[in-house]
Structure formats: structure tokens, C-alpha cells
Amino acid sequence: MTLDAVAWDALRLSLWVAVWATCIAVPLALSVAWLLARREFWGKSLLNALVHLPLVLPPVVTGYILLVLFSPAAPAGAALATIGLTLAFKWTGAVLAAIVMGFPLMVRAMRLAIEAVDPKLEEAAATLGAPRIGVFTRVTLPLIAPGVLAGAVMGFAKAMGEFGATITFVANIPGQTQTLPIAIWTALQIPGGESAAAAMALLSCAVALGAVIVSEALARRVAKRIGGAR
Amino acid sequence: MKLVLKHSFGNFTLDFQLDAGAGITALFGHSGSGKSTIINAVAGLLRPDYGLLEVDGEILMDTARGIHTAPHKRRFGTVFQDARLFPHLSVAQNLDFGTRYAPQGISVSRDDVIDLLGIASLMSRAPNTLSGGEKQRVALGRALLSAPRMLLMDEPLASLDSARKQEILPYLEHLRDGPLGLPILYVSHAVDEITRLADTLVLLKDGRIAAQGTLRAVMSDPAAVPLLGVREAGAVIEATVLSHADDGLSQLAISAGTLELPGVRASVGSKVRLRVMAQDIMLSRTRPSGLSALNILPVTIANIRFGSGPGAAIALTAGEDTLLARVTRRAVASLELAEGAEIFAVLKATTVAPESIGH
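Quick mapping for you: the protein sequence lines, in order, are chains A and B. Mapping of the first sequence onto our numbering: residues 1 to 230, in sequence order. Mapping of the second sequence onto our numbering: residues 1 to 359, in sequence order.
In isolation and in its complexed conformation, chain A is listed as follows (with noise of 0.2 Å):
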């Protein structure tokens, strides 16, 4: 049981797409969660339906949305690749796919632990002297820290396993669009590849159970600068 090439460069693309995606995601679901918390406006049980939307769907329905919005021939596509980026069958498009799916997860964290902070708080904040951004940065934004840190950490997780919107949206090019999960997939076709199939399954077992390591160690560092309260 050996890791060649395939089993690192997979591995590689895998983190890589997960920073990327779990970076971009978490200040847009961030967003998107406090618009669900805080504000009422037309079309918000709309939003609500859509961000929830890969949650339910399969994923390869998903993914094959995503190719009829993005491939170089629709208009996102066409529009996107004018600024030079595209999406289908590349690595940024496996980012894509990993932001969508775990969009819900990450919002639904963040939504819980912005609905769990007073707003009274921030008026007595307000009251004080502090403008809107100081409220958030200094009042809101310490409260809800462990809820994003776990949104963000389930971001990465769904990120690091996405299979089915990834493989259907991008295919399943080694070094460009093969993750992880799809390497693993790829050799249990082959005959005789069932061990390097193992091989890469605990090499994901591995990240997966560092992660939870690191994001519990950032929770508590968290709650104790939160200082237990509530």
C-alpha cells in the first residue's frame, strides 16, 4: 500500500480547493446569514430556498446545473471568461461546486449564532458611541466567532469530500480537477487498484481528523477569550 503521484497530487488539488473555497465562502455566507437573521425584505424566504437548495438536491443535479450556468457557451460562462477566468473542467470551477455545497451548512451555523446575539447589546454599544463597524467588529462579530469557525470548518470538510457536483461539473482530470475523493473513485475502477484506493482513503481519514483537531483547538481558544459568558 503506497501513495504514488496521483494519491499527492489529489491530495494537493483537494486542500487547495478547500482553502479557496472555504476563504471565499465564509464572508459571503456570512453575509447571506445575517440578511437571513436580521433583516426582513421581499424575496427572503426566496433566498432562504435557494441557499438550502444543494442541501436537498443531488448533487449531481447541482453540478449539472452549474455546467449549464458556467460552461464557456452560457452567458455566466461567457461573461466570466471575458474577465479570464472559467470555471468548467478547471480547478477554479471545483471551487465553485465545493462554495455551492457547502454554502448551506456554513449559513445555517452562522445564522443560528447570529440570531443567539442580543441586539440589545449592540444598541447599548451604539448608545455609547460606537458606529456600526465598531459595533460589529468589536460587539457582534466576538460573540458569533465560534459559530463561523464551525460554519467555516463544515465549509472545509464538505469541501475536502465533495464528489457528485464536482465530478459532474468539472469531470475528472488528474492535476486539474481530480480531488481526493474522486482519485479514490478513479482506482476502485481499475482493477488491482483497491490498494491504493485504502492508501488514499486514510490519507483522507488523516486531514479530515486533523481538521477536527485544529477547529476544536480554535474553539476553545475562542471561548476563552469569550470568556465563558451567557
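It cannot be assumed that every hint is accurate.
Examples of chain A residues toward chain B, derived with CB under 8 Å [unchecked claim]:
no.	residue
1	LEU128
2	GLY129
3	GLY134
4	ARG138
5	PRO142
6	LEU143
7	THR186
8	LEU188
9	PRO191
10	GLY192
Using C-beta positions, here's what the derived DEER-type ranges look like [claimed, not checked]:
no.	chain 1	residue 1	chain 2	residue 2	range
11	A	ILE83	B	HIS68	39 to 47 Å
12	A	ALA211	B	SER109	31 to 39 Å
13	B	PHE12	A	THR137	50 to 58 Å
14	A	ARG39	B	GLY213	43 to 51 Å
15	B	THR129	A	ARG39	33 to 41 Å
Simulated from the structure, these hints should not be mistaken for laboratory data. None of these values were measured; they are calculated from a predicted model. Note that the Cβ used here is the ideal one computed from N, Cα and C, for glycine as well.
Given chain A, work out where chain B should sit, using these hints.
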């Protein structure tokens, strides 16, 4: 501060006007009378249907002209009933939060505030480890350090038990009488707090002003009895401590004579506020003798007001002060009490509870 407010929600309408100056202006009203709405509108946390707010010549709110200054630019330090300390920050950091956004050039000494409120030993504590009284003192300190132009206090003592209240009231008195000299808008439904703290009193009923004036004028007005509640009504007068006797009674001078009262802790020569409950005053046509009560004052009837029930409220001129007594209609008739009559008021020495004696 000039304030005009009109605001409706549900079938409740608030229609309010106030011209508040220095000292503590107290808004009294039972729950649902619109007190918190007023505080929130002044703080900028609520946009009223119609509102005009002018402080030191600066218009902070004028709905007719679309002016609504954001809460953080108004500089009204606000102390809420539920303290609202930031749970993720220590006491010291909560105080820092107040200082951080204080306007430059206006400095409030952190040491003075900590000293005034007696919170030096709490600095490293987390808010959730503090008692209710400690929380309110920290919240007050945080508001003071934001260098407000005025303090807004929304039932700051309502969630505290009597002992914790006693712990905070002296600090509020120091604040009123001390060098900071901040104007305070104080909202409460507790008459004991108001009689102890207020300089000016506004009585609210169903969203409208039912009475307003100096604390002494409003508290001794027979018309205020139904607004304050029969049990709570009673004049507030000023007295000077003359001496303390060994048996626990102290002699106090008021404009109409002297009173012997127990439990007075203020030092000799200092001025204190006395609250004389209306239901604890007895009236007599002749100077009574052979009574256990020690305090008998000659008074003149200034005003008699009959309520809807069997009672009557009577304003009594005692020297330069006005006392308020509550007797039955039947007593008014049998004693032939009328305005201008010179009679005697008998005050039981226990009339003024120790906690309602304040500087």
C-alpha cells in the same frame, strides 16, 4: 434639552413634551405609560412618528425635516434595566469600551469614575460573575466614561432587590451632587427612588403628562395622589439634622418646627430629604396631648381634594413646606375641615423610613 414626541403603536398614543434642565429629571409612570419609548426615542434607538429633540442648541431629531442623528452620534449615555454589559469583555474592558468612543478633548477621569462607583475590585471579573447591583454600577461607569452630554436611565434599579437598591442609590446621589454635574433623565415606576433622587418630576399616564414640576411641588399636590397611588403619595421636604440622641432618635429641623425621627444616619448639620407618607399623617383640631406620637406640627389647610372613593387628600402648609395628608371624607366633614383652617398634624416617628432619607 427640549423634547417633543408623538408616537402611536397599537392603540397606544404617546404625546409628550419636556424641557429638562440640570439635575435629575424623573419620569414616573406605571408600566405601559410610555416611559421606555421616550428613553429609546431620545437615545435614537426608535424613530417616533413625530419627534423634535434639541440639546444645547443642536437639533438631534426633527422628523418634520427628516433629521435623525444616529444613536452613536447623540452622546446620550444610557443605563438600561438589564445592564447590557458585553459578556465577552471583562469589567475593565467594558469600561474601556465607553472610553474608546468618547469625543476627543472631553476627558472623564477613569480613576474618578471607578472611585465614585466603588468598582476598583471588580476590574478583572467577567460580567456573568457580578451581582445585579455590581452590574448596574459597571454599566453606569461605562456610560459615564463615554463622556455623555446627558445620562438616560431606564429603570436602572427595577430588577434589583431592596438591599441592592440601597447599594446603588448613594452612588446616584453622589453623581447628582458631585462635580460631574451631569443632567440625568431618570425613568422609574418606584416612588421611593424618585423621591430620593429627582429634582424635577414628570408624572406620565397613558402616554401623556399628568403633572410636572419640582419634586416637592408635585409630591405635595393632592391631585398627584391617584397618579402615584394612595399608599405611595406623600410630600417630600428638606430637613437639617440637629442632633442624635442616645435612644436612637435624631432631632431634625424643618421650617415648621422640629421632628424626632429614628434611623437617621446623616451627620449633624447636614441636610436630608424627608418623605412624609400621606396616609401616616393624622389631623387634629386641637393640639393633642397624651399621644404616643412625638411629632406634632401646627399647619394650615391649603387645599382639599376629594377622590372618587371615600378618601380626601389635603395639602397642609407647614412653615414654608407643604405636607400632604390623606383622610376620609367622613373625617373632613366631622372635623369641619376647610381651606384656611389652622389645625395640627400628627406624624408618627416611624413615618419616614430610614431608606427614604437621603441627602
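(message) Please list, smallest to largest, the hint numbers that this structure does not respect.
(response) As far as the earlier hints go, 7, 8, 9, 10, 12 and 13 are violated by this structure, in ascending order.
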